[in-house]
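Asker: On the provided structure of chain A, position chain B as indicated by the hints.
Sequence lines, in order, name chains A and B. My numbering puts the first residue of the first sequence at 2, with every later residue one more than the last. My numbering puts the first residue of the second sequence at 396, with every later residue one more than the last.
Label-pair restraints from in silico Cβ distances:
{"#": "1", "chain 1": "B", "residue 1": "559", "chain 2": "A", "residue 2": "186", "range": "35 to 43 angstroms"}
{"#": "2", "chain 1": "A", "residue 1": "19", "chain 2": "B", "residue 2": "476", "range": "57 to 65 angstroms"}
{"#": "3", "chain 1": "A", "residue 1": "192", "chain 2": "B", "residue 2": "561", "range": "44 to 52 angstroms"}
{"#": "4", "chain 1": "B", "residue 1": "660", "chain 2": "A", "residue 2": "22", "range": "22 to 30 angstroms"}
{"#": "5", "chain 1": "B", "residue 1": "447", "chain 2": "A", "residue 2": "115", "range": "29 to 37 angstroms"}
{"#": "6", "chain 1": "B", "residue 1": "662", "chain 2": "A", "residue 2": "8", "range": "24 to 32 angstroms"}
{"#": "7", "chain 1": "A", "residue 1": "115", "chain 2": "B", "residue 2": "455", "range": "35 to 43 angstroms"}
{"#": "8", "chain 1": "A", "residue 1": "22", "chain 2": "B", "residue 2": "511", "range": "51 to 59 angstroms"}
{"#": "9", "chain 1": "A", "residue 1": "146", "chain 2": "B", "residue 2": "504", "range": "49 to 57 angstroms"}
{"#": "10", "chain 1": "B", "residue 1": "551", "chain 2": "A", "residue 2": "186", "range": "39 to 47 angstroms"}
Because the hints were derived from the structure by calculation, they are not lab data. We put the CB at the ideal spot given by N, CA and C, even for glycine.
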Amino acid sequence: MAQISADNHGLRLAVRYLVLILIALIFVFPLVFMMMSSLKPDQQLLADTSSLRAFLPVGDISLDNYRDAFARAPVAIFVMNSVIVTGTTVLLSLFICSLAAFSFVFLRWRGRALLLGIIVATFIIPFETIAIPLLLMVSQLPWIGLDGIEIGWLNTYRVQIIPWIADGLTVFLFVQFFKDLPGELIEASRVEGASWWQIYLKVVMPLSGPVLATAAILKFLIMYNQYLWPLIVVQQESVRPVMVGLGYFFQLNTAWGEVMAYLTVITLPVLAFYLVLQRAFIASIASTGVKG
Amino acid sequence: MASKLTQSNGAGWAFALPGFGLIAIFIVLPFFFAFALSLTNQRLISPNPTEFVGFENYRDLMGLAVITLEPERDADGNAIRDEDGEIAYPRVRTITRSDDFPEYRGMREWFRWQSGENARVVIAADVVFMKALRNTLLFVLVVAPVQATIALGLALLINQKIRGINIFRTIYFMPVVVSIVVVSLLWRFIYDGSDGLLNNILAGLTFGLFEPRDWLGETSTALGAIMAMSVWQGVGFHMVIWLSGLQTISPTLYEAAEIEGANKRQIFRYVTWPGLRNTAVLVLIVITMQAFALFAQVDVMTQGGPLDSTQSLVFQTVDRGYRKQDISGGSVISVVLFLIVLCISLLQRWLTRDR
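Same shape as in the complex, but just chain A (with noise of 0.2 angstroms):
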């Protein structure tokens, strides 16, 4: 009777595995194909799609689509604006949503609820419905450089970056964050002298390693992943990102040996960076959530 059961049981668990595993399978598929598909000439790519080979490196394996995509494109400088787009951009609202949040959260101050309540009512307007008007903004905006006042943000990094500093959820995951500290803390070091920039920094700050890791993995995930906006703000090679730079290799006749390599270069960093940190991918994703 026991070793009935006992079979029973590991029978479920197996089948509970292949479930799992068959599932895995789905998600997994077309990443592997990209992956392999990428070291193959493109005539074996095409015919590989009739067999499992299509996710196996088997063949005529060589990184020679790495060399012809970065030959085709300037796809190092596309990347580097990608990280120097998206590096700027989670550092400042990392900084600037913090400090407005710890303004809303601990000081008390004429007009508080009132912007905390704007604020959070932006929430409901999706970037999709603004991006036109922005767009006719942004192409007539001043901005003091160098070479004195020039009009027009068009074809910049900061058009790709200042727009997309500050946004309702990042602020609103401070300030939840910052509701469930103990506000005896911020009180004694006021009582102690120390000023309000000096308690945002020495007190605040230290502690908040959680919330800044959500905001900066969904803030990163955002900018590093942006298509639209970029689409329609950058034509010059020199400052374009990644995901919009993929139109270069669909001109003439698309190599798809070289498209597999470039999406292959984009997306595995951010894979990797993933499952380093797949907890706290996850976590921010739950807080988002719970919270949002």
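Answerer: Below, chain B without anything else, positioned relative to chain A:
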């Protein structure tokens, strides 16, 4: 409540202003611009001054009418039929170009149906917009429930306490971190009509019985193909939200249910599901908002084709506002999209109100 200790107008404003200022300039201001521009004839670059045109843009976008076409009749009054036996009707343009019906001027046929011997034709001032609206609504109506349900199933599966489960959670979530642009391109390859992986897989599974098809090239399958891919990419995101909801349910409730002798279905029905009510509303709303923003998939995979069968509202906003430099035309659609999203948000408030 506010103690003297923390009353601090100067510092308060100074700390909040950079963040609030940026949000005001780059989110709130363009939001109001969208409304204002939708009432003008603004273009991105134009030699002519901008003019206020009132609700003309909205009329040009939303104009809809149903007209009835009577069959062409021969001398005896019988409807004339063509070689296939189909009743012949006068062309729609005999009405939309006629001086007798100035209200229908410039409208085009959207679709028609048969009503007795007559044909009823729905004509629209902007057929492409109507198709974009229809496709976007259809996309939301299919993707939201399907994705939410699959995500819940995955969350329940991942919530099991067995060895190595975290590996599967990590894998199921993986597509979420990959750009939708990259995903769309990969799936273009999967859906390809001649060398596509999907055709090959289906042919293999049916031992060659399956007729290969051009998934993105046929009007009957293109939107469905984009839906399936979108679910594939986004489902991990919502799985994680469901999962965090599942983990808020107290284990003692499950223990109690087991002691009472409840079976699995009863446990789900009476313990799990009631505990997920708020999560359910949230997941549906988030998916709905994301689905309304449908753009990159269309831009990368189909450009709205074939025959406008995958047009979406955001794709049309960009097509007009950016590619055709018709800022006011793009703004009108933006406003319409916003109003739809607003209604959904209000619905959310109503569903999650305190009772």
